[in-house]
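Peer 1: The residues making up each chain are set out below.
Protein chains: 2
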Amino acid sequence: MDVMARIEKSLVTAVALADRPGCPPRLSAAMQAAVFPKGARVRPRLCHAVASACGDDEPAATDAAGSAIELLHCASLVHDDLPCFDNAALRRGRPSVHAAFGEPLAVLAGDALIVLAFQTLAKSRCSPLRLAQLIATIGDAVGVPHGISAGQAWECEPQIDLSRYHRSKTGALFAAATVSGAAAAGHENPEAWRTLGETIGEAYQVADDIRDAASDEEEAGKPVGQDAAHGRPNAVLIYGLTGAVSYLHDLVAQGIRTMPPCAHAHELRMLMEQEAKRLVPRRLAASAA
Amino acid sequence: MDVMARIEKSLVTAVALADRPGCPPRLSAAMQAAVFPKGARVRPRLCHAVASACGDDEPAATDAAGSAIELLHCASLVHDDLPCFDNAALRRGRPSVHAAFGEPLAVLAGDALIVLAFQTLAKSRCSPLRLAQLIATIGDAVGVPHGISAGQAWECEPQIDLSRYHRSKTGALFAAATVSGAAAAGHENPEAWRTLGETIGEAYQVADDIRDAASDEEEAGKPVGQDAAHGRPNAVLIYGLTGAVSYLHDLVAQGIRTMPPCAHAHELRMLMEQEAKRLVPRRLAASAA
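Residue numbers (the working numbering), protein chains in the order written: chain A, 63 to 351; chain B, 63 to 351.
Looking at chain A on its own, in the form it has when it is part of the complex (with noise of 0.2 Å):
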């Protein structure tokens, strides 16, 4: 099975939770809406992909990890569409869960979500050792100090952290695919390979700078010149259009150099090289080449 069928069907039987008797239908429906269709599933293919390069010897803690993160980065998106936050109307195209299923469900749903994630730790069967790696691996990425909870949450101080607001709410839960993929191949130092995930999630954050500055919105998939309608630091608008595109391939190849030996360090500096350019538009790439 490919990677991506692999992740899909981990998810669909994690939701799948949700379908019991005995649950209310509509909290299972707007569930089922935050998490599918499938979105680019970036954060579970990183996981993937760094438990496939430590050999993998535990498939059911790596798609339960893969999974876990996918379900939290899903709730994340529930709750900042909210009123409060973003008053997102759309997401992915199609309405948002509190504009299909009103509030109330929405942070309900929001909440299952993240509880389901640990669910779905807990019920995996991977080894006990392992499981407790994960979980604090993972809570510590959507928790506090600096998960994502936090990291939404300098939204509401009246001075703003911006590089922790970006590492936390962004950076995170990156971190976390690369070391719960490490620890779920029970890789020997999974915190080894927290600095390649950082720089990914970096190199992803430049990349919706570049899109967001860059592209149209039929390409983008979203609104454009976000940032700089709001005045937002945006890496286009710092070091120019080939600049950030060169930044981001930096970043990429930095993250890459900072690798832990493992059993296929080949096919994974492969694969992020090939996720580089597959995160610039193509028509960007073809111009800033």
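Derived by calculation from the structure, the hints in this document are not laboratory data. Honestly, I wouldn't trust all of these hints.
The list makes no distinction among identical chains, and a pair is therefore deemed to hold if it is satisfied within one copy or across any two copies.
[As the list claims (entries may be wrong)] List of simulated lysine-lysine pairs, DSBU-like, C-alpha gap at most 35 Å:
#, residue 1, residue 2
1, Lys339, Lys100
2, Lys100, Lys71
3, Lys185, Lys71
4, Lys100, Lys185
5, Lys339, Lys71
Since the structure of chain A is provided, determine the placement of chain B on it from the hints.
Peer 2: Leaving out everything else, chain B in the frame of chain A:
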């Protein structure tokens, strides 16, 4: 250390994770406000009581389980109070979290408290096998298909299943308290403790009905007469006051009869009987006796 001091100490340690450098200070303050000053801590006391009856041979596991359960209870109160649910400006006589910190921080504090419950378990250094059981048990009590989120979501269905609503919204976390108390102490069959928790949860619901129907606002600590005003089912309206009080004692007695054999069964029985008395306001206990 007495059990209440032990519970508070564990909660203080757990919530201190939000006080680490780099955590947004207002998020940290909102989480503190959600957990302190102390409530009755009914669920962690139940968890500790069962653990103690089973020998409490791994106190760190019991502390973590009790804290996780209380953190999840507090998270559910924060989200329940939100404008899109109960829109409650007060909780325990003080401003609710969204009234004090705004809606975005109330959503995020609830999210972060849910995650903190699992971080607390993962960081507890309890033995990995018990950890896996605790996370599965406690996760199921708050997630889908039958945990708190699912219970609350019945309010969003066109037809509410009242029995499931109460069992999921209130009973599930009580059941998790007894089962995880037993699991934390290494009982060979923690699930055998579930009926005790469910029965105590139901007794607690009846006590709530009694306070709503028959005490005054000062005694109950919140507005009374709400069930009659909203046409909600209430044990006093069904059985009368004396009938409801004896139903409550019957439930506790029934729960006690389901207790599996354990090292300190006698102490636990005594404690349960004391609790049952404590649950009914003194004046009413005297008048119903």
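Peer 1: Evaluate Lys100 and Lys185 at a C-alpha cut-off of 35 Å and name the case that applies: within, between, both or neither.
Peer 2: both (23 Å within a copy, 33 Å between copies)
Peer 1: With 35 Å as the alpha-carbon cut-off, assign the pair Lys185 and Lys71 to within, between, both or neither.
Peer 2: both (15 Å within a copy, 30 Å between copies)
Peer 1: As a check of your reading, is Lys339 near Lys71 (CA-CA no more than 35 Å) within one copy, between copies, both or neither?
Peer 2: So Lys339 and Lys71 pass the 35 Å test inside one copy only (27 Å; across, 51 Å).
Peer 1: At 35 Å max between alpha carbons, let me know whether Lys100 reaches Lys71 within a copy, between copies, both or neither.
Peer 2: within (11 Å within a copy, 44 Å between copies)
Peer 1: Classify it for me, Lys339 with Lys100: is the Cα-Cα distance of at most 35 Å met within a copy, between copies, both or neither?
Peer 2: Within one copy only: 21 Å inside a chain, 54 Å across chains, cut-off 35 Å.
In this structure, none of the earlier numbered hints is contradicted; all agree with it.
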